[in-house]
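J.: Each chain is listed here by its residues.
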Amino acid sequence: MIRSKQLIAENNKKRKLLTKENEKYYDDMLIYIRLNWKASEQQSEEILMELLDHLIEGQHDGKTAADIFGDDPKGYADELLGELPRETWKMRLLFFSYLIVNLISIFVGVRGIVLLIVGFFRPVDTSIFIFKSTLVTLYWLLAIALLIWFILHIIEKSIFKQNSSNWKNALKAGLAGSLVTGSGFVMTFLVPNFGPSFAFGWLPSLASGVILWLINFWAKKQFNIL
Amino acid sequence: MSVRSQLLKGVLDGCVLSIIEKENVYGYELSKKLQDAGLGDVSEGTIYPVLLRLQKNGYIRGEMRPSESGPNRKYYSLTDEGCAALNELAQEWAHIAGPVTALMRRRQADDSFEAINRGK
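Protein chains in written order, with full-length UniProt numbering: chain A, 1 to 226; chain B, 1 to 120.
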């Protein structure tokens, strides 16, 4: 079996063969199908490759994408999505765990570096308050998930449109991003330190971040996530 | 949607299965063969939802492999279940096609059912 990652690389290369008009039609369909996270990634990439091959061959015969796939690209893509098998729960779970662990490992690692640097200039308090840290971590994970969902939603709305306003969409995404980040910092300062705590210095922080990241990286390779 | 493509929708699965039964094909080849069979009006893209559905039902199996001309292609082959489904479809079609053809012909000729049955 040719893995989805290879198919994506091949797809990127082959798409350059399309005429401008056909590329617009195909790209919209590609984004729309890839954005649908419920559909099996492998199967999605296989059908996208078949459509692309068909379009390239049809192009040689002077046909346009609309001649081949019809005048309603969204309707056609929906029809395909309706028949595509669902991604397995195992793959979805692995995918989301990978993202979460990746975020946490980077955060913990960067925290270590920041503590080290700041430590050169002044004494730092390295204690972790279990309740507050859990709360703040949960906030960030949820906020980032919502932000990603929002941005994907904007993209999904903008495809299959002739003239969708790019700067308006960028502004919307930017505002949402600032809101999420702003509330995050406000929360960090407002929530008091209380309950049990432990010291977590720069070295253990950096080391555990790096180790966690490496384990996660290994798991990604092992289970072919992404 | 044209009358023709509406009519075809129900039987396209059978047409696709019958072509794959004869030989393993990839998408573009399949649409060419449907055209060669006289079904040129079928929008070429319609075969892909059909292929996905047939795969999901386990009637056909798709396998990506290099083609004779070089690039990777997804070749489809019929499964045992697909063969059984095609047999059933062919039988059902035979039950429908005869009477329908006869009814449509009656419009031009003798208009009694007896005449149709006599003609059998």
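Hints listed in this document are in silico derivations from the structure and should not be mistaken for laboratory results.
Certain hints may be false.
[Unchecked claim] Listed next, the stretches of chain B that the computed footprint assigns to chain A, with coverage defined by at least 3 CB atoms under 8 Å from CB atoms of chain A:
#1 33-45
#2 74-81
#3 84-98
[Claimed, not checked] As a list, the in silico DSS-like pairs of lysine-lysine whose alpha-carbon atoms are at most 27 Å apart:
#4 A/Lys24 with A/Lys13
#5 A/Lys16 with B/Lys22
#6 A/Lys74 with B/Lys9
#7 A/Lys24 with B/Lys74
#8 A/Lys14 with B/Lys32
#9 A/Lys13 with B/Lys74
#10 A/Lys14 with B/Lys33
#11 B/Lys9 with A/Lys90
#12 B/Lys33 with A/Lys38
#13 A/Lys20 with A/Lys74
#14 A/Lys14 with B/Lys74
#15 A/Lys24 with B/Lys22
#16 A/Lys5 with B/Lys56
#17 B/Lys74 with A/Lys74
#18 B/Lys22 with A/Lys74
#19 A/Lys221 with B/Lys9
#20 B/Lys22 with B/Lys33
#21 A/Lys90 with B/Lys22
#22 A/Lys13 with B/Lys9
#23 A/Lys16 with B/Lys74
#24 A/Lys221 with A/Lys172
#25 B/Lys32 with A/Lys157
#26 B/Lys22 with A/Lys5
#27 B/Lys56 with A/Lys90
#28 B/Lys74 with A/Lys20
All values reported here derive from a predicted model rather than from experimental measurement.
Glycine included, each C-beta is placed from N, C-alpha and C at the ideal position.
J.: What hint numbers does the structure not satisfy?
T.: Violated hints (numbers, rising): 2, 3, 5, 11, 12, 15, 18, 19, 21, 22, 24, 25, 26; every other hint is consistent with the structure.
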